[in-house]
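Residue numbers (the numbering used here), protein chains in the order written: chain X, 167 to 468; chain C, 167 to 468; chain W, 167 to 468; chain F, 167 to 468.
Keep in mind that the hints were calculated from the coordinates and are not lab data. Hints are supplied without guarantee of correctness; some may be wrong.
[Stated by the list, open to error] Pairs of lysine-lysine, DSBU-like flavour, derived with a Cα cap of 30 Å:
| id | chain 1 | residue 1 | chain 2 | residue 2 |
| --- | --- | --- | --- | --- |
| 1 | C | Lys179 | C | Lys464 |
| 2 | F | Lys445 | W | Lys464 |
| 3 | X | Lys445 | X | Lys179 |
| 4 | W | Lys464 | F | Lys304 |
| 5 | F | Lys413 | W | Lys382 |
| 6 | W | Lys464 | F | Lys382 |
| 7 | C | Lys413 | X | Lys413 |
| 8 | X | Lys413 | C | Lys179 |
| 9 | X | Lys464 | C | Lys413 |
[What the hints assert, rightly or not] Residues of chain C placed beyond 10 Å of chain X at every Cβ, according to the derived structure:
| id | residue |
| --- | --- |
| 10 | Met167 |
| 11 | Val187 |
| 12 | Lys196 |
| 13 | Leu301 |
| 14 | Leu312 |
| 15 | Tyr324 |
| 16 | Ala396 |
| 17 | Asp405 |
| 18 | Pro431 |
| 19 | Asn444 |
The beta-carbon is built from N, C-alpha and C at its ideal position, and this holds for glycine as well.
Number of protein chains: 4
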Amino acid sequence: MQDLLNDILEEVKPLVGQGNVASYIPELAKVNPNQFGIAICDTQGNVTKAGDATTGFSIQSISKVFNLVLAYIYYGNSLWERVGCEPSGLPFNSLVQLEYENGIPRNPFINAGALVVSDMVHSRLISPHVALRDLIRKLSGNPYVLSDVDVAESEFEYRARNAAMSYLMKAFGNFHNDVEEVLHTYFMNCALRMSCVDLARATQFLANRGFCTITKSDVLTGDQTRQMNALLATSGLYDEAGSFAFKVGLPGKSGVGGGIIAVVPGRFSICVWSPALNKMGNSLAGVAALESLTRHIKWSVY
Amino acid sequence: MQDLLNDILEEVKPLVGQGNVASYIPELAKVNPNQFGIAICDTQGNVTKAGDATTGFSIQSISKVFNLVLAYIYYGNSLWERVGCEPSGLPFNSLVQLEYENGIPRNPFINAGALVVSDMVHSRLISPHVALRDLIRKLSGNPYVLSDVDVAESEFEYRARNAAMSYLMKAFGNFHNDVEEVLHTYFMNCALRMSCVDLARATQFLANRGFCTITKSDVLTGDQTRQMNALLATSGLYDEAGSFAFKVGLPGKSGVGGGIIAVVPGRFSICVWSPALNKMGNSLAGVAALESLTRHIKWSVY
Amino acid sequence: MQDLLNDILEEVKPLVGQGNVASYIPELAKVNPNQFGIAICDTQGNVTKAGDATTGFSIQSISKVFNLVLAYIYYGNSLWERVGCEPSGLPFNSLVQLEYENGIPRNPFINAGALVVSDMVHSRLISPHVALRDLIRKLSGNPYVLSDVDVAESEFEYRARNAAMSYLMKAFGNFHNDVEEVLHTYFMNCALRMSCVDLARATQFLANRGFCTITKSDVLTGDQTRQMNALLATSGLYDEAGSFAFKVGLPGKSGVGGGIIAVVPGRFSICVWSPALNKMGNSLAGVAALESLTRHIKWSVY
Amino acid sequence: MQDLLNDILEEVKPLVGQGNVASYIPELAKVNPNQFGIAICDTQGNVTKAGDATTGFSIQSISKVFNLVLAYIYYGNSLWERVGCEPSGLPFNSLVQLEYENGIPRNPFINAGALVVSDMVHSRLISPHVALRDLIRKLSGNPYVLSDVDVAESEFEYRARNAAMSYLMKAFGNFHNDVEEVLHTYFMNCALRMSCVDLARATQFLANRGFCTITKSDVLTGDQTRQMNALLATSGLYDEAGSFAFKVGLPGKSGVGGGIIAVVPGRFSICVWSPALNKMGNSLAGVAALESLTRHIKWSVY
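Given the sequences, and given the hints that come with them, work out the whole structure.
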């Protein structure tokens, strides 16, 4: 396994730094693009890693996976009354579909869907961000996971489009709490700093039918885990979901911080990270590393 | 395996006949809804079956799978210059996305995409329908597979929307042959009559890394097969692709004739058939049977 | 003229109360639907009236006309850099076009356009609502025109869709001030209470090449007045703009409070009011009264 | 009046040839862009002209006005059951709105609307093109008006988008005749060659409450004429309808051949022509000439 990661590292080195670091908020634009890390966590909890795998980065949209876990815990399958499970076919931050489909977002991994999930969690918890952080600390076994307040504030300042989506859903009756408060929590969640090792550990339950080897407990049921992976496979990489399935063939979730988590069901979870993004907003070297991985292990879910 | 199919048959019996038979063309509307068949073909070519598994039905959009095989054979990966590999997020026969995306259909399993694939095949073959029929005859081992000319003519008569899509793509330069001719071929392909057993056999190569045990030859390469399955997983069931991934978790393709093929990679291919459709246009009892199947075998790709 | 108004009053009486009072905010829903007023103000400033022409009502979107006057005064033709002058072809509160056209609203009479105009006025004035109210008091010669704070607050509470539009424009850089503050002003403007007589007087300058006979001064230049009337003719009645041009043939602006102002260039301004609305959101009896008017005077701009 | 036209000619001279001649069909691209003509026909039938006012050109979409006259004659107001009277807010050849609005075009001056009107006329007449040509010959007093068959054939060859729209409407049940046949007629109508003088005469009835001074007979009723002019004012210049109302303020209809007809109700009809088009597809010098005209006569409908 270590050889595999070393090989991948060697292979993608020329790509690291290609593409562009997310620049829509000043704080994210400051990151050095010449970094790359990869970590794998198998179903026994063994971690293998290479490159900058212990460097913390902003997990951004990868937080949507954990937020959905919270929603599963508090709502079960009734959560699907307020958000769909279909691919969106439109940019991750589009309002068009929301308007045509009465404020019900297509899936929980586009922004509108994640916002509605945040709103749901808000209705049940007093400190939803703390709850999410604590969940992540337990799942990753790292009690020091923290949110980068500067990033969160920078995102809040540039909240206009997310605010627009939230208010539009509110206009359709599908957003119940105060928009600004939910956005605060949402951005705090996005701004969590974690390393590849942290994230590989924290998502290992997805490769293990919902069972977390670190906490020795079920995070989701087997059925829920299959559903989560199915959603990650069809909708986890924004507009690149189809081509990611096509080229990589694993359930996965990316974030504009340059991280991507992926799952080989029954075997292991993976986290790659490299800050520079391709045109679709996903880590350029990260996608290449995952392509290389499935080529090497001669395995994809398909 | 036989027990499994018998159990599934028993389980879905109450659902058979629920929903509505496709009525947009008179010929299809004549089918008796109270039929149900299922067949499985493993990677050694062994077939297990239950119910009306040897009754022929109109394969309709399932023909798109075989047509894409032809395009792979004649164009290789260059085929993706004229059609995408992303989920569409819109109804299967929508023209909106075509107009916004310059006549490039989202994927080869929505109608516009299948029409462009037909147009491509037309540019290379003198008798594209005969070529497709012969391919299917070989893959299924059934030399008597034939198209139902009454169905094809009925579809041609009601061709308006498919003609509109073809002409719109022509306006964008992404349709090269005569629209009426391509539509004739397209409808002849859709009107092919096959049974569950035929289709399970003919798609067995998808479960077998592209190798067909009947012809003892490679239909697609291993990579192409993974790609095909990925596409089937993200885009094979129209608007229900996401929820099918969610509930069933297998690559699959449905047709308005009530057939659905699905793939358990490395193990077997499946074909279910029952003519009455749910609101999304997929066989109601068929989807239920596949859900039951993955529950029984405790396995999905995710 | 008095006979004309009496005839119209008689003619539309059976229609008064038909349709539905605007119910999207509780305050507006309380109005008695069985009211109808009409007033005409000629270019000498003479007013003729019939029915409930001195009863105050919520002017709602008619305020957009006066707000645009403020924008003309402070920005001149540079105002058109931030808002278009084309019909929208979509519902008045749609976000779809905004997203496709980079946050530039189609015209100043749909909500998004009026919000951008409010934002512009906000950038130049400390008390934009007071400025608007004072302008209206002068133009109408009624120093007691006031805003109904209950209505404004009720609208603010249900601000979600307008907030969504404002934030979406902010995301595109076409909204400069604080969203909540601009919305406060916007709703205070909408909640101004005026009678038919007040509004006929206050819009008389539109029939008089921009000259207000009450203040004896130019409100707009002749060219600006022609432009304003052209805009009112193509975009003043929401989705009914075309059919209003078709049936009535006068520049006009409606509000969900049931008021409609219209202009016979060179001759007079008109205000009709009746609270119950047709399906397009315009006063049912009001539209009928204006149809009757142009039929009686055998004159439209076309 | 002659002085006026001479002044306008002088004023727009520097603009003649600016912009681009329509190039979507080869035949139209051959026209010399350095031509400009203008003609006015008053309600007594007196014609004043300047520049290349007697040179024939392809009237293209201006034919939609006459085709709508035929529909009025054969269907009366029931024609509005199959086509709307609202501005479209989308490009003249868009299919998006058709799909969202069930195949009912927004108005008779966008392509889809004109195609439906052609289809209607086809249902009533054996030789619809001959009928249109004869109508135009009578109205213009020029018995030699003919269609340019080369242009019509060239347009038919590039018919894809118009065919797409026709088939889409057929799919919604709003197109009854054979698509290819209706397109033949449609393109023959578009390819009619007329001069500014011909067109000013042929549209003079629009300035004269429907009465044609040449044939001494009513073409449309007064009400129908008002409706036609209202439609021309809100929808006659494609995407530039609003800004044309804004700048020129007259009902008008443009064609990609570079012609524009406009109406000063009660006074006269105008036809300007110059082949080079602005970005919106309307004659650049033609629009400027009409702006100059309304500035000189200090009059618009608003």
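Okay, the hints, checked on the actual structure:
1. C/Lys179 <-> C/Lys464: holds, 21 Å
2. F/Lys445 <-> W/Lys464: violated, 38 Å
3. X/Lys445 <-> X/Lys179: Holds, at roughly 19 Å.
4. W/Lys464 <-> F/Lys304: holds, 28 Å
5. F/Lys413 <-> W/Lys382: Roughly 27 Å between the alpha carbons, so the hint for F/Lys413 and W/Lys382 holds.
6. W/Lys464 <-> F/Lys382: Distance ~22 Å between W/Lys464 and F/Lys382 Cα, so the pair holds.
7. C/Lys413 <-> X/Lys413: holds, 23 Å
8. X/Lys413 <-> C/Lys179: violated, 39 Å
9. X/Lys464 <-> C/Lys413: holds, 26 Å
10. Met167: holds, 22 Å
11. Val187: holds, 25 Å
12. Lys196: Its Cβ never comes within 10 Å of chain X, the nearest being 32 Å, so this holds.
13. Leu301: holds, 22 Å
14. Leu312: holds, 32 Å
15. Tyr324: holds, 26 Å
16. Ala396: violated, 4 Å
17. Asp405: violated, 7 Å
18. Pro431: violated, 6 Å
19. Asn444: At roughly 15 Å from the nearest Cβ of chain X, C/Asn444 sits farther out than 10 Å, so the non-interface label holds.
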